[in-house]
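A.B. asks: Using this note's numbering, you'd call the opening residue of the sequence shown number 1 and step up by one each time.
Don't take every hint at face value.
[Said to hold, decoys possible] Listed next, the in silico EDC-like pairs over lysine to aspartate or glutamate satisfying Cα-Cα at most 20 Å (straight line):
| # | residue 1 | residue 2 |
| --- | --- | --- |
| 1 | Lys5 | Asp244 |
| 2 | Lys5 | Glu31 |
| 3 | Lys168 | Glu156 |
| 4 | Lys5 | Glu156 |
| 5 | Lys168 | Glu31 |
| 6 | Lys168 | Asp361 |
| 7 | Lys76 | Glu31 |
| 8 | Lys208 | Glu352 |
| 9 | Lys76 | Glu249 |
| 10 | Lys168 | Glu52 |
| 11 | Lys5 | Glu22 |
| 12 | Lys168 | Glu27 |
| 13 | Lys5 | Glu20 |
[Claimed, not checked] FRET-style restraints, in silico, Cβ to Cβ:
| # | residue 1 | residue 2 | range |
| --- | --- | --- | --- |
| 14 | Asp127 | Gly263 | 40 to 46 Å |
| 15 | Asp46 | Glu383 | 26 to 32 Å |
| 16 | Arg385 | Gly15 | 54 to 60 Å |
| 17 | Trp17 | Ser350 | 25 to 31 Å |
| 18 | Ala368 | Asp46 | 41 to 47 Å |
| 19 | Lys5 | Arg385 | 50 to 56 Å |
Since the hints were derived computationally from the structure, they do not count as laboratory data.
Just so it is clear, the structure is predicted and the values come from calculations on it, not from any experiment.
For glycine and all other residues, C-beta sits at the position ideal for the given N, C-alpha and C.
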Amino acid sequence: MTDIKTWVLTDTAQGIWMEELELTSPELGVEGASVRKRVLRGGLCDGVDVIEVDNGAFQYTILPTRGMGIWRGSYKGLDVGWQSPVAGPVHPGFVDLQDRGKLGWLTGFDEAIVRCGLDNNGGPAVDIVPNNMGVPSEVELTLHGRIANLPAHRVEIRVEPGDEPTIKIIGIVDEAALFYPGFRLHTEISTTGGANAFTIVDTVTNLKATDAEFELLYHCNFGPPFLEAGSRLEAPARLIAPRDPRAVEGIDTYAEYLAPTDGYIEQVYWYEPLATDAGATLAMLRNADGSRGVIVRYNTQQMPCFSQWKNTASMGDGYVTGLEPGTDHPNSKTFEREQGRLMSLAPGASHEIEMAIEVQDTATGVQAIQEEIAAIQGSSPTEVRREPLARLSG
């Protein structure tokens, strides 16, 4: 294959929207691969566009209707994702972000990978910004922001030539309002034939003529078969600190996981990651015997912060852990601003983020990842704080 192949699924500016499309290996030019676009019908899923990518080994589903998130995946029969109490994917039309004290985001939360941002990536908060008259005014920020509940206005499938042709799903999502910040998320989600990974390259652009702060966090959520009693999180870190008194209770076992536990209350730990000189780093959730692992790769020059969310509740309540790289920590926006962690974009400027999700399904593969983590850690000690740090918890 020498030419780029493109199929436009959605382009609102051109009046294009394709309800169904199925591409097989001969059309894609990638052995064993397929891509299918369809629309879900019925219940809370009604009207949700899904794109199902199969590279011959790794299958994953992208949700253009929900901010180009990754709903779930499977690598050689190993589920990548989790079992949420929410029967999704939920159409954003059924999600009231203001519900339950601005916690309505949770009524649509069941993805394996969901973006939190772009105006806010943390908890509900009140921020002070200039209104249309230039007067500082209060605005309410809802849990984890709006981007995951906004649809893409342009979506295409692209296959790029090479020794290993690349299958890309490209989407554009705008988060904008009159008198308030305006951002564009351009995402490319790509893989190659038979690969054990897929890559996400996101570019966030400030659409307005004034500087704009932004936040972005990737809520990467995994349950069984990677999460079980005795599973561990492995990640190179300079410092690890509990978020709050509840997290302090588990500080001695922050890296270890329980079996599903009735009544479990979440625990969150803040990490200051270590990385290579180029900023490359990773985190791995591995099962108890080290025979399988799921890995999040990212770059600290693009996302300097990392959070670990432990929620080993009963299966029915959501047995899951989150590996969460971000531009800052998911505290209130005002607190992150005070700590100097908010990123800002000049008019028309962009910030690019690249991350990857990888699966290892053998003990040898998991061991190789652990050695990679150990090499980044090197001789640097990990400082584990036994109490919340004022500069990290707000």
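A.B. asks: Each hint should be assessed against the structure and marked as holding or not.
C.D. replies: Here's how the hints hold up against the structure:
1. Lys5 with Asp244: violated (50 Å)
2. Lys5 with Glu31: holds (15 Å)
3. Lys168 with Glu156: holds (8 Å)
4. Lys5 with Glu156: holds (10 Å)
5. Lys168 with Glu31: holds (15 Å)
6. Lys168 with Asp361: violated (24 Å)
7. Lys76 with Glu31: holds (16 Å)
8. Lys208 with Glu352: Status holds; Cα separation ~18 Å.
9. Lys76 with Glu249: violated (37 Å)
10. Lys168 with Glu52: Holds: Lys168 and Glu52 sit about 12 Å apart, inside 20 Å.
11. Lys5 with Glu22: holds (14 Å)
12. Lys168 with Glu27: Distance ~14 Å between Lys168 and Glu27 Cα, so the pair holds.
13. Lys5 with Glu20: Given that 20 Å is the threshold and the Cα spacing comes to 18 Å, the pair holds.
14. Asp127 with Gly263: 40 to 46 Å: Given a distance of about 34 Å, which is not inside 40 to 46 Å, the answer is violated.
15. Asp46 with Glu383: 26 to 32 Å: violated (49 Å)
16. Arg385 with Gly15: 54 to 60 Å: holds (55 Å)
17. Trp17 with Ser350: 25 to 31 Å: Once the Cβ atoms are compared, 27 Å apart, the range 25 to 31 Å for Ser350 and Trp17 holds.
18. Ala368 with Asp46: 41 to 47 Å: holds (44 Å)
19. Lys5 with Arg385: 50 to 56 Å: Holds, at about 52 Å.
Checked against the numbered hints given earlier, the structure breaks hints 1, 6, 9, 14 and 15 and satisfies all the rest.
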